[in-house]
Amino acid sequence: MFRLKNRNFKLFIFNNFFILTFTLIACTFPNNDQGNNLVIYSGRSESIVDEIIKDFTEETGIQVDVRYANSTELANTIILEGNNSPADLFFSQDPINLEKVAEQNLFTQLPNEIMQRSLNSNYQFNNYWIPTSIRVRTLGYNSTSTQQEELPIDLYELINPKYKNKIGLAPTNSSFITMVSCMIYFDGEEKTNTWLKNIHDQGYIEYPNNSTQINAIDNDEIKFGLVNHYYTLRYKSENQTSNVKNYYFKSGCGSLVMPSGIGVLKTSKNQENATIFIEFLLNSNTQELITNNLFEFPVIDIVNQNNQLPEINSFLNLEPNQWLELSKLQTKAVELISKAGY
Amino acid sequence: MKIPKFLSSLNVFIVVAFISPIFYLFFETLNINNNLLQFIEIWDFYELFFKTFSLVVGVVIISLILGLSSSLIISRFKIKGSKIILALLILPLVFPSYIGALTYASAFSPKGLAVNFLTNFGIREISGISGYIGSLIVLSLFTYPYVLLICFNTISNLDNNIEEAAKSLGSSKVKLFTRVILPRLKQPITYSALLVGLYVLSDFGAVSIMKYSTLTKVIYTYYEIDITGDAVYLYSTLLLLTSFLLSFIQRNSDVSNQIQNSSRSKNIKKKELNKFKLFITYTYFVLVVFFSLILPILVLFYWLKNGLNSGLNIELVYKGIFGSIFVSLTTGMLAFFIAIPITVAFTQYKSNFNKILEKIILTLYGLPHITIGISLLFISLKFVPRLYQSFTLLIFSYLIVFLPQAIGAGRASTYQISNSFLEASSVLGFSRLKTFYKVTFPMIRNGILSGSALVFLSTIKELPQTLLLRPTGFKTLAIDIWSFSIEGQFTDAAFSSIILLAISAIPTYILSTRNLRSKNDI
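The listed protein sequences derive, respectively, from chains D and C.
Take this note's numbering: the last position of the first sequence gets the number 342, and nothing is skipped along the way.
Take this note's numbering: the last position of the second sequence gets the number 1522, and nothing is skipped along the way.
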């Protein structure tokens, strides 16, 4: 009986300690006043955006809250949220998802003076969103274990049995879905479907995203990975001894040029600060950071592209209306990917 | 005694609020306009069903073998250090599944840590642990302690006279096991099989990190691609209903009550083992403890050491620690206050209606968090946009799945006390309020408090609901671990994992084993 009492007593002390700690923390917890913070839904990953955001807050004093997720998920979320969206800005990996939001008439139009800062005059996109950097689809490989002649001419050569179990891909990644949408647009549903089925049936390795694929290529888990170009270059800059490399297909959706961009939501109560953020992304310091540290192509002409980056003009570069067409094919692309068994 | 109206309506209100996510998803699914057959064809229904089912069955079998064998050995044979062995075997339950998966995925990638070590023995590459095998190993290693806890409790309560009698009648060892021991363990085995099955069915973290597509992972994938798609609704509803059924059976079985209410262990004569058998037994325990406890810890510390060498950014986890502790403490506290009226109603006023409410509430504990999260996200956007992405909604979602822990613990502490206390109190002319204050509350207080501590611990480890419902910019340790893991940043993930374990491991262990320790001897 004494034992029991003793135990209850200990429990009592433990529990009171628990209450006390809570009260203390509750009192010291700062009021989470999110009303004035700029809310960004970012499809671009934290490792890329975080540094830029920190610089931005330091320079402007504007506090930022970022919700990181897949670009497709965020675009769908914004559409679902409609008028109740807490987001001020949508920062997306690719135009498809921006166009999807634009089509629902959820973006506010950006002033011309801002649009003109971005180099690529063909990207006007009705002023709904603005490109902030350019990326290219590519094939990552390991240059020590792979000979030049082993490299495929285009995406469709990957269904050759010699690539069996050697390819990595991230079927739920927005950029991959964009590439498949591009294939449907240019090569037709049937050809794309056959490609997806063949790759699936001959054997591939699934990854959650691009950076894990590059890791796997370096570790010889896979020989090739369908990725965006900058993941390889960034990995190489962090792991100097690594021999991962980019192979740019001569033509087709395998080397699709994908601007990453940002737009301000109509429902935003922070329009002014949101515009300041876009201007910040387009200033020369940020653009230099984007190309020198993050290995993407800059979008303003006073900043030169990183010398490790290839000449971009030969790659598949879409017009704004083509991006709109692609955004309509996104659901089809997802359906084909799922049907093929990924 | 008749239950006061306000108490009764309060309870009905709480229960209705808590099960609203289930109904919402169900009704949305009824509205799906697509033809069901077409749906099954497009979304690979059968393969998914088979994959999920085979993982559940596989993990249940392995964890039953591990848990049952160790509990039988420890309770029936004389083994030196059995107390320590038992503690070490139970300890792996402090690992959330995603941390377990993280350690195995990072250690056994084709050219990962294990290969660094194995090069000394001439091995340069291994095929890697992921997919079905990876999920099977990780989930089995971190769920068998539940089987062990449950079976050990029951076995220690059974005397072994029958076993002795059977032996003296000349029954063989095999027969003894299949005819005498197993039948008596039927209930705890079914109970723990259901518990483990439910755990696997709702697990999201481990299968995501292991890249194995079960229902939970696929729901999240479809959610990412097409948020309000048919697949999200249909699969969530399917998963929710299946687990509701399993959880209902499990939480309300006789064993559930017995385990929470186990009495003192019988005096069992333990048998000696010869040297060879003792050696085999120790080897077995060493292997199990190594793979389920020592290896994951070693891997975490290896990554931590790596991180410290290359300059770990402590600022990176600061926000996560703060966020985790904040939401968990709030949820734990609220659980305490909300559990009181419910538990009082269930103990002080016994009616059939109350019994149904109690059963429903206890069932909520086993529900897959991802489906509750998705449902609440939709509900908030559609009906109460103010609560969308708010702390209030996040904490409400935690309470739905974790409050049953507080109530369960409160109930357990009252099983030993008979109705006569309440009768005596009313004979003495105490008012109902005074009865509550003088009799019922002191009876349930400590139970609910330790239950609330369990709620705190469960919340701190929670992943999928936090992922879906968190306010923008808000972080917890679990979120950090998950996003670092899928990005392949193992050093950062390990650092957050170690902090999470440092906060939660010891209290989790103490609270999970409190039934064991209340017995005189192990």
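The hints are simulated quantities; they were obtained by calculation from the structure and are not laboratory data.
Wrong hints could be hidden among the right ones.
[Said to hold, decoys possible] Below, simulated PhoX-like cross-link-like pairs (lysine-lysine); rule was C-alpha separation at most 20 Å, straight line:
hint: 1; chain 1: C; residue 1: K1078; chain 2: D; residue 2: K339
hint: 2; chain 1: D; residue 1: K162; chain 2: D; residue 2: K197
hint: 3; chain 1: C; residue 1: K1083; chain 2: C; residue 2: K1319
hint: 4; chain 1: D; residue 1: K166; chain 2: C; residue 2: K1083
hint: 5; chain 1: C; residue 1: K1078; chain 2: C; residue 2: K1271
hint: 6; chain 1: D; residue 1: K54; chain 2: C; residue 2: K1271
hint: 7; chain 1: D; residue 1: K250; chain 2: D; residue 2: K266
[To be verified] Example chain C residues on the side facing chain D (calculated, C-beta under 10 Å, incomplete):
hint: 8; residue: I1062
hint: 9; residue: Q1389
hint: 10; residue: Q1489
hint: 11; residue: T1491
[Unchecked claim] Where chain D lies over chain C, by a calculated footprint (3+ residues, C-beta under 8 Å):
hint: 12; segment: 1144–1153
hint: 13; segment: 1377–1388
Where is the CB? At the ideal position from N, CA and C, for every residue including glycine.
Status of the hints after comparison with the structure:
no. : hint              : result
1   : C/K1078 / D/K339  : violated, 58 Å
2   : D/K162 / D/K197   : holds, 16 Å
3   : C/K1083 / C/K1319 : violated, 39 Å
4   : D/K166 / C/K1083  : violated, 50 Å
5   : C/K1078 / C/K1271 : holds, 6 Å
6   : D/K54 / C/K1271   : violated, 66 Å
7   : D/K250 / D/K266   : violated, 40 Å
8   : I1062             : violated, 25 Å
9   : Q1389             : holds, 6 Å
10  : Q1489             : holds, 8 Å
11  : T1491             : violated, 12 Å
12  : 1144–1153         : violated (count 0)
13  : 1377–1388         : holds (count 3)
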